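Novice: Given next are the chains, with one letter for each unit.
Protein chains: 4
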Amino acid sequence: MLERKVLLTDCPDAKGLIATITNICYKHQLNILHNNEFVDFETKHFFMRTELEGIFNEQTFFEDLRLALPEKANVRLVGEEKKRIVILVTKEAHCLGDILMKNYYGALNVEIAAVIGNHDTLRSLVEKFGIPFFCISHHNLTRVEHDQLLAAKIDEFAPDYIVLAKYMRVLNPEFVQRYPNRVINIHHSFLPAFIGARPYQQAYERGVKIIGATAHFINNELDQGPIIMQNVINVDHTYSAEAMMKAGRDVEKTVLSKALDLALSDKIFVFQNKTIIL
Amino acid sequence: MLERKVLLTDCPDAKGLIATITNICYKHQLNILHNNEFVDFETKHFFMRTELEGIFNEQTFFEDLRLALPEKANVRLVGEEKKRIVILVTKEAHCLGDILMKNYYGALNVEIAAVIGNHDTLRSLVEKFGIPFFCISHHNLTRVEHDQLLAAKIDEFAPDYIVLAKYMRVLNPEFVQRYPNRVINIHHSFLPAFIGARPYQQAYERGVKIIGATAHFINNELDQGPIIMQNVINVDHTYSAEAMMKAGRDVEKTVLSKALDLALSDKIFVFQNKTIIL
Amino acid sequence: MLERKVLLTDCPDAKGLIATITNICYKHQLNILHNNEFVDFETKHFFMRTELEGIFNEQTFFEDLRLALPEKANVRLVGEEKKRIVILVTKEAHCLGDILMKNYYGALNVEIAAVIGNHDTLRSLVEKFGIPFFCISHHNLTRVEHDQLLAAKIDEFAPDYIVLAKYMRVLNPEFVQRYPNRVINIHHSFLPAFIGARPYQQAYERGVKIIGATAHFINNELDQGPIIMQNVINVDHTYSAEAMMKAGRDVEKTVLSKALDLALSDKIFVFQNKTIIL
Amino acid sequence: MLERKVLLTDCPDAKGLIATITNICYKHQLNILHNNEFVDFETKHFFMRTELEGIFNEQTFFEDLRLALPEKANVRLVGEEKKRIVILVTKEAHCLGDILMKNYYGALNVEIAAVIGNHDTLRSLVEKFGIPFFCISHHNLTRVEHDQLLAAKIDEFAPDYIVLAKYMRVLNPEFVQRYPNRVINIHHSFLPAFIGARPYQQAYERGVKIIGATAHFINNELDQGPIIMQNVINVDHTYSAEAMMKAGRDVEKTVLSKALDLALSDKIFVFQNKTIIL
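Residue numbers (the UniProt record's numbering), protein chains in the order written: chain D, 1 to 278; chain B, 1 to 278; chain S, 1 to 278; chain A, 1 to 278.
Chain D with its partners taken away, still in its complex shape (with noise of 0.2 Å):
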């Protein structure tokens, strides 16, 4: 039976790649279905995204590839199954509110394992959905003990990726670097304006004509994780800080949702602090 799966190569760029790759595909009988690729000729770096329809035989697939590829070539095969993702949450319940009821509608292809926050708040909205929430407070805690119950909670769930929507707290190194490029968070801010706390304030202070948001892996350095996506909407001088927050919570779960889209869907590559989506 015939099935989907998205390669994903990425290496150092070469001439002949796409026709060795492509060639390869021909001679597995796959169709291809979308091709993109990409190069940056900074980093003289090649990316490419396929998605493949046919029966796959991975084990030679990759035999192939792998003989006629470079040997630092990244190449990964993924295929339909739902990926699972763990949100984490505090108290504001729009971004886990869109994604709940878009997964809900079948608009995201994902399964919402487990939602944790460090406060109670959103339990009731999590369990309309029969999804499981924990609440792991960080009262009484240091910070590095408070990550540490989160990620073995996270662990027992085996997440592909983890969401912070509207997480409020910052997540200490090892914690993040436990997660590498898994970590998705919305900032409610057009990064790299406003970083670190109360953005909105901050806009309202400066009196910005427009306002942002930004999904972006984490990373060690505070909001300068590979950005994935960002967007905006216009103020003006009638908007409090408190309206531009309010305003604000549209944009933010928008652009967290469509950037969780991008990640499940395998169209998101992280090279160096950017990201290239194919």
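No lab work stands behind these hints: they were computed from the structure.
Values in this document were obtained by computation on a predicted structure and should not be read as measured data.
Here are the simulated DSS-like pairs of lysine-lysine, each with C-alpha atoms no more than 27 Å apart in a straight line: (1) A:Lys82 with A:Lys258; (2) D:Lys5 with D:Lys15; (3) S:Lys15 with A:Lys27; (4) S:Lys128 with D:Lys83; (5) S:Lys83 with S:Lys267; (6) B:Lys258 with A:Lys246; (7) S:Lys72 with S:Lys27; (8) S:Lys82 with D:Lys246; (9) S:Lys27 with A:Lys15; (10) S:Lys5 with D:Lys246; (11) B:Lys15 with D:Lys267; (12) B:Lys82 with A:Lys91; (13) B:Lys82 with B:Lys153; (14) A:Lys246 with B:Lys246; (15) D:Lys72 with B:Lys27; (16) A:Lys5 with A:Lys15; (17) B:Lys83 with B:Lys258; (18) S:Lys274 with B:Lys246; (19) S:Lys83 with D:Lys128; (20) S:Lys267 with A:Lys15; (21) D:Lys72 with D:Lys15; (22) B:Lys15 with B:Lys72; (23) S:Lys82 with S:Lys5; (24) B:Lys91 with A:Lys128; (25) D:Lys246 with D:Lys258; (26) D:Lys91 with S:Lys82.
Take the given structure of chain D and dock chains B, S and A to it, following the hints.
Specialist: Below, chains B, S and A without anything else, positioned relative to chain D:
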């Protein structure tokens, strides 16, 4: 010496087309700078645009492609030479002005061979930039007669594209058929809303909250040709039809300039009544 | 104790109207928090929305206004009480889900009295939020009979507005006249493009580069009622009609929620076939 | 004969200000065409912009206003006369070109008194439009000396506003203080992201997905002055820093032209470090 050329291929879809074409490029030692392909699953048609760098032996390259590709394949190889355009105008300066200005500062890779107006209004603007202006009035002429005079003048310059920069007359079918997929028009609405005359008045009367502009190739149904690009701006109850018209100028000029740039960069395939932009 | 209310005035334009109204507010020691006015110079009609704070003696306030304003003036004073809505749905969850979720986290100042579906599909979603769901099937009923059942159920809840959150049936004129300027619909296209059924299919066939959604009040011409809000997203040749439909969900739900918020905030005047949003 | 003028009032907020001002307008038989007001609740400051039509007795009108308004009120009455600007440039033509072209076809209500460049590059473009161009080179001059030469030349023309249309030098504090809230700059980023030099290079290195432009008044902190207008465009991983720079031109020129139009239309109040646009 290394040259850069764009290979444009389209044909009925078949297995292995990307491999076939990229193999031939590789055999000819042509480096692929960018490659974009698209398969329209409804019509089962394949499109590919490949930016190549190398030393081109066009004859053997085409022979190899012809042998390997399906019989019905369209294959074109275009160089980086400036394309030539003739611009048709009536009285409004904004779209013409943007093209003249962008060409002046090098943002459009084009030779403006001539501007033809059915009024003399824009002569002085055109001549500032050292470009010949011809007034071909429609007075006392039938539409067919007038269009024949236009075509005769246009053909003196053998342009690649004819740009209707707010040329406010409908061209007759004979004229249109003379230049298939080579006449680019800007329509001052978000097509297919407000086809025909006075779209801003129509938009005002309908009370829309967004207005737009549409760049499209001309075919023989009024405002029905393949759409290249569209963009919109927000309006509200404070806009009169005239205020909409004024506000629409910036979006009209930007959409037309960008559509023209796509055409000049050989990024547009026209297939049936749609554009595929790679 | 200080109350906040919104004064909504519209009447044929005359000199001194702003002074007249604001004088009366001042005389009643009502503080003006925000004031917006608009004169439609075509129809010579005046609109003003005034947010007031103070202690309201409504009877004398209205007497003063009636005496001072033209005889034909419409004057309303509305408080901050939650408005009540009934939502009509068919099978699609995204618009309903957004309203339910926003109401859950307090982003909409509304009481959702009931949801009525012509299918039972969305019962479980609605009941999660503790809101009554009624299935009123249209099977074996004429349109008029079905609409009468709907109206009877709706009237039990005496809603301020009826929200068609992807209710996929046309309502008959009698129903529409029963609730003038009180039925808010989301149409899944950028009206007036693609009126009627299957707009995404129409958009796909036309090859547009932008799709949109339109929230409007229902009147008795299909998709011709006063437009409240519109928004758009970019698409390209890679979008099938179904992909457009999926991509359109986020813009549909956002446009409907925002239009509803405008109605709930008493910011919309309907005049002839247009909205004035102050 | 009826004249049109704009009344601009700002003062500490107090009860009855709208009534007070509109009463005086009414008493003077001045018809209010448009009125916009705003109260900043944080600073308790009141702003109102009133478009008036009638026969103006400015002396008694101002006397009446002075008597009725708080002592600290700022009151200005501006007519429809064209304002005068001087434009400063370096080598890039796109922002200058858009202003020249819009002025040519009547889309900006302005007299361009002169263009001054610190290079001679743009002379021929400016002179095409019959506008005087002055090259004031900064070679062998200190910043202060150069700015003094600029100011001396500018002052010959007594401009209402000075427009920095990609003038790529920082102006010294003395120069800036000479023209408070009268120098409009276009910064080629979405401020406060990427302050300072080479913002597109910074944006490229950070891997942002949106770039923008910001028009603002100059004050004495680099890129910190009151923001008038911002706009953005989407970019992705395929954009080099240079491609971003090219793509940014259209948004830069549009934002600057629109900000200038707001200034020319007397729609901007500057208060503390923000703009209120009515």
